[in-house]
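Trainee: Listed below, chain by chain, are the residues.
Number of protein chains: 4
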Amino acid sequence: MIIIMKPGASAAAIDNIVEIIQNNGLETHLSTGHEVTIIGVVGDKTVLADKNLEIAEGVDRILPVTESYKLANKKFHPEPTVVTVGNAHIGGDSLVIMSGPCAVESAEQVMETAVAIKKAGAQILRGGAYKPRTSPYSFQGMEEDGLKLMKEAREATGLPVVCEVTSQAAIEAAVKYVDMLQIGARNMQNFFLLKEVGKTGLPVLLKRGLSATIEEWLNAAEYILAEGNPNVVLCERGIRTFETATRNTLDLSAIPVIRSKSHLPVIVDPSHATGVRDYVKPLALAAVAAGADGLMIETHPCPEKALSDGPQSLTFPQFEELCAVLRPIASLMGKPLI
Amino acid sequence: MIIIMKPGASAAAIDNIVEIIQNNGLETHLSTGHEVTIIGVVGDKTVLADKNLEIAEGVDRILPVTESYKLANKKFHPEPTVVTVGNAHIGGDSLVIMSGPCAVESAEQVMETAVAIKKAGAQILRGGAYKPRTSPYSFQGMEEDGLKLMKEAREATGLPVVCEVTSQAAIEAAVKYVDMLQIGARNMQNFFLLKEVGKTGLPVLLKRGLSATIEEWLNAAEYILAEGNPNVVLCERGIRTFETATRNTLDLSAIPVIRSKSHLPVIVDPSHATGVRDYVKPLALAAVAAGADGLMIETHPCPEKALSDGPQSLTFPQFEELCAVLRPIASLMGKPLI
Amino acid sequence: MIIIMKPGASAAAIDNIVEIIQNNGLETHLSTGHEVTIIGVVGDKTVLADKNLEIAEGVDRILPVTESYKLANKKFHPEPTVVTVGNAHIGGDSLVIMSGPCAVESAEQVMETAVAIKKAGAQILRGGAYKPRTSPYSFQGMEEDGLKLMKEAREATGLPVVCEVTSQAAIEAAVKYVDMLQIGARNMQNFFLLKEVGKTGLPVLLKRGLSATIEEWLNAAEYILAEGNPNVVLCERGIRTFETATRNTLDLSAIPVIRSKSHLPVIVDPSHATGVRDYVKPLALAAVAAGADGLMIETHPCPEKALSDGPQSLTFPQFEELCAVLRPIASLMGKPLI
Amino acid sequence: MIIIMKPGASAAAIDNIVEIIQNNGLETHLSTGHEVTIIGVVGDKTVLADKNLEIAEGVDRILPVTESYKLANKKFHPEPTVVTVGNAHIGGDSLVIMSGPCAVESAEQVMETAVAIKKAGAQILRGGAYKPRTSPYSFQGMEEDGLKLMKEAREATGLPVVCEVTSQAAIEAAVKYVDMLQIGARNMQNFFLLKEVGKTGLPVLLKRGLSATIEEWLNAAEYILAEGNPNVVLCERGIRTFETATRNTLDLSAIPVIRSKSHLPVIVDPSHATGVRDYVKPLALAAVAAGADGLMIETHPCPEKALSDGPQSLTFPQFEELCAVLRPIASLMGKPLI
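Residue numbers (our numbering), protein chains in the order written: chain A, 1 to 338; chain B, 1001 to 1338; chain C, 2001 to 2338; chain D, 3001 to 3338.
Only chain A is shown next, with the shape it has when bound in the complex (with noise of 0.2 angstroms):
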């Protein structure tokens, strides 16, 4: 940590800072310049935490030094973690691509869903039986019978399902049905939630919030991390810019960043980034090309009839299409499709 006095901050106060850190067992150094006075601490600033030092006179800004998240820090951990869900290893050698649809609608949609996007070379079956919708006059999902439609496709298949939750009772629907939890963009800071999915020890599927910077992406998993749960992915799904003519902005840079500060998997979502089925191809091979550990991709047997998020939806021959130009770019990228 590093404190900047203010230009002609007092001796005094300077002492007084000086003192307040080492009266909790740390080291400081002083820089003395023309123009202003840093103090470095040396130790656990964690004891300072409550202490408000931005506020004691004479200092101007404090910068933080590390960063506050440590179980989902590369730095403690330089291996990159890989989370098993059925069969499938994302952040393994291979590239884990999750596909269904946004919303279960019936028995028929998603047993169809899953083994054509199982034959097309997906991993993992996704779709929402808790909606969390803009409005409350729009489909809110089918809840608990929408788990089991979930269930019975993956006993039908073979391929593991992962749903999203959006309350404790949600969980405690889920954890008897599937094999990986979701928590959304809208609740990556519920931190209650994050607690919750973290004691489940499920594999937990961690959606970048509309508005949230790495960072606080990064210390929403620790949540999850802290309560003993190691199991988290990582998915970019876009944030909120000033443009319109995507729903919200992929921010792929995101995907070697997190390389860089972290040791969790990343995955990417196209789908709800852009909200338009054009777009989805050339930003799932992209994300791709950029070293993502697998893809969400939302397909529907009729988007047209889909009661959520029909028009980024694709096909099931557009799926196919798709995994099948995919296929040559994941093998370059070391991550072949299997």
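By construction, these hints were calculated from the structure, which means they are not laboratory data. Positions of the beta carbon are idealized from the N, C-alpha and C atoms, including for glycine. Worth double-checking, as some hints may not be accurate.
[To be verified] Think about it this way: if two alpha-carbon atoms lie no more than 25 angstroms apart in a straight line, the pair counts; the simulated SDA-like pairs of lysine to any residue are:
hint, chain 1, residue 1, chain 2, residue 2
1, D, LYS3305, C, LEU2053
2, C, LYS2074, D, ARG3133
3, B, LYS1176, B, GLU1144
4, D, LYS3051, C, SER2106
5, D, LYS3261, C, THR2244
[Unchecked claim] The calculated label-pair distances, taken between Cβ atoms and stated as ranges, are:
hint, chain 1, residue 1, chain 2, residue 2, range
6, D, GLU3143, C, ARG2327, 46 to 56 angstroms
7, B, PHE1139, A, LYS75, 23 to 33 angstroms
8, D, GLU3143, B, LEU1063, 45 to 55 angstroms
9, D, VAL3082, A, PRO328, 25 to 35 angstroms
Using the hints, position chains B, C and D against chain A.
Mentor: Only chains B, C and D this time, still in chain A's reference frame:
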């Protein structure tokens, strides 16, 4: 609802859309231009919600004409709503100031604060017992013990109290102690939580999400209203932008926008918006001049010892001075401080 | 300047940095922590500007401690600057209102406006003769003919005039007719233009760029000041965010931030910020309550016939009413309308 | 164009709008709903451009249906444009890489770079002679001397050269030396400059503004095209968002969006977008996979000695390695590196 067809859309494609709409009992009006055909839809469009016309053959875009929120909409409820919390009437003839610490820390802190802010002119005591924090290693609040301290402060001073809730368990505890529930910015689209606070019937302070549009914010209010709870107060607290000189960017234009679209009262929290104590006063004055129904201002007996957000808290003398400066402006705006 | 080394940076890497710095005549202070080593640099850091220490072996990050702007910096010029334009003193003891049409359209329009706004309380006439428009097919302004009309209005009413300049040719024409030059938001980082208006010595109204940080804005002012022209007035006019209910998001927190960092006067343009006539009054009042030195308000004899930005222009009766409501608030803030 | 009337707009108000439109020679279509009346307008709407119908009695909103850019619009020019610069064909069958230093610094630097990047696979040499810098105290470029060095490098290697221009004087100098003019992000809406580069007839590389929507960007291109210069290449280089882990947020979704709306070629600059050398390679690969027509990559013989933007520059071996990794992906995408 307006459907804009692509240039060169075939007559068959246009007929298909018209047929779908009419089969759902709605009326259509065609405008056939040189470049594009536009289909106006008349009637209750909710029956089309799941038709995904956006991806039907030949369709370019669909533009909504009416807002998705109804109960929060001024069009259907032109009279301003007044929300009563203890003796305070938010949205009525006077300016209501809520004040208190970011986090409840001790009996002395809360009691001392309640007495001081009441004397200065505040009508409601705030204080967080459940704190959503970016890092799992930061102070997370006193929970139910904190709620009890808030209740004691109310009993001693007569000031009603408002506390944030972050989970169903927190709601269950809070309803026993507090007069108003707060939904924080990070939970603005935690739709499960919105429904739950709706069911309590208690007044709800709904903070704007960090990247929520005003339309999404009003839809979040709609979730609460739709549970039969009309007592919703909106709170602008800054949105996330590229600017780093302040913690967030306070969007005071939200006040006249809300006034033109909704009947719900709206207050402003300049403390969280700026994160800097020196900026609180000018922005509090600005909020009142822009027409706010109230303010939420953080205060602390000794900000440098606060366990949360000390740098933005006012001391009691600073808060007194703020109220003194506010008083004549509030009177000029027709909302005197009582 | 502070240099933060990577965890595990070698002693050789640290020595190398220290040597580079000392060879350039500066002093270093080392803080050696458990995780990282920090090097404080004392002395005139501009000699290191081109050394690219960021990418030297072992370096993690470099943090600047002092601002890059000097002439605009309050630290080196603590007294507030007052800019005189005709009889108006911006940054002084009174609130200065600039008003007039977005675009100059005709002699009658300009003359009628000048008379009306003067009567209501404005001290400076604005009017665009060179209009930067998103589309090349929109009205681009009357150019020098428009400047002449502005000068005639000044001669008739005594009001000084301010006009935007968008090129060297526009500057050469404008200096013959106007009292103050305006740099628009889109040209805030047109550094060539900033230098050229700096050379004229005329007062300059510098609008904030749509996505400019306050620090970049002050650096843009520095370009003008560095040409020996101290007469710069800043104008907040809204920044670009994700919100679409207003054209831009007016950032009133910029006022106290500027006050804490610079001695330059700052005014607010609520007309361009919101783009909606009904929102101009509440935000004009808010700007004055936040401490603005002045306002820029668009007016038009007949807004529905304006060639540019009619929807945000006030009629003369609306402007008169605004001034009447502003008057007592301006007096309370210690900046009466004269 | 669609005009949405307010709920309860009077018949007289509706008739008034219809009359204005018809008096201007256009046709109207009315959709009268339960809540609102909608007026569709058929014909050349530019005749209504200055009518300000938005503020006519009873009007709620006006929605444009067609884009304001025509020459840049794919609807009116469906074939992709290929821009020829020396031997390079941007938008054609191969991937075109532009490379070189951020700023021209010396004859040796430029010549050495030209030779190295040509050998690795680049087809165009870039180098800034006029540098727009945030602070007036940063290195501002070698100006005409820099242009001469670029020309010498072209004569020696045969590589065409591209240089940024920031003023009319810079254009006048540049046309004597360079093959392609660049408009930088900060000047994207410097409409005067756009017209001037349009008049030269030389190929123009138009960078996206830091907060420009894609629609504004295409309108900026329209300014150049409208001067009779069809040789415009768009360059995505990151937009400004709240994320601070990268200098800007590279918006790769802009590539498919541009493809769907315009016939102009589009390239990507991952160096300026990220500002971090280690992130350049993954995002360069991603850009090619997303369908870019080319890349702009900063290189320097010795990045730690660069006078501008060293931290994002690649060394020659790094650039060679990037080209080697790019080669098979470019081939897969149907745009081999030649």
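Trainee: Which hint numbers does the structure go against, in order from smallest to largest?
Mentor: none
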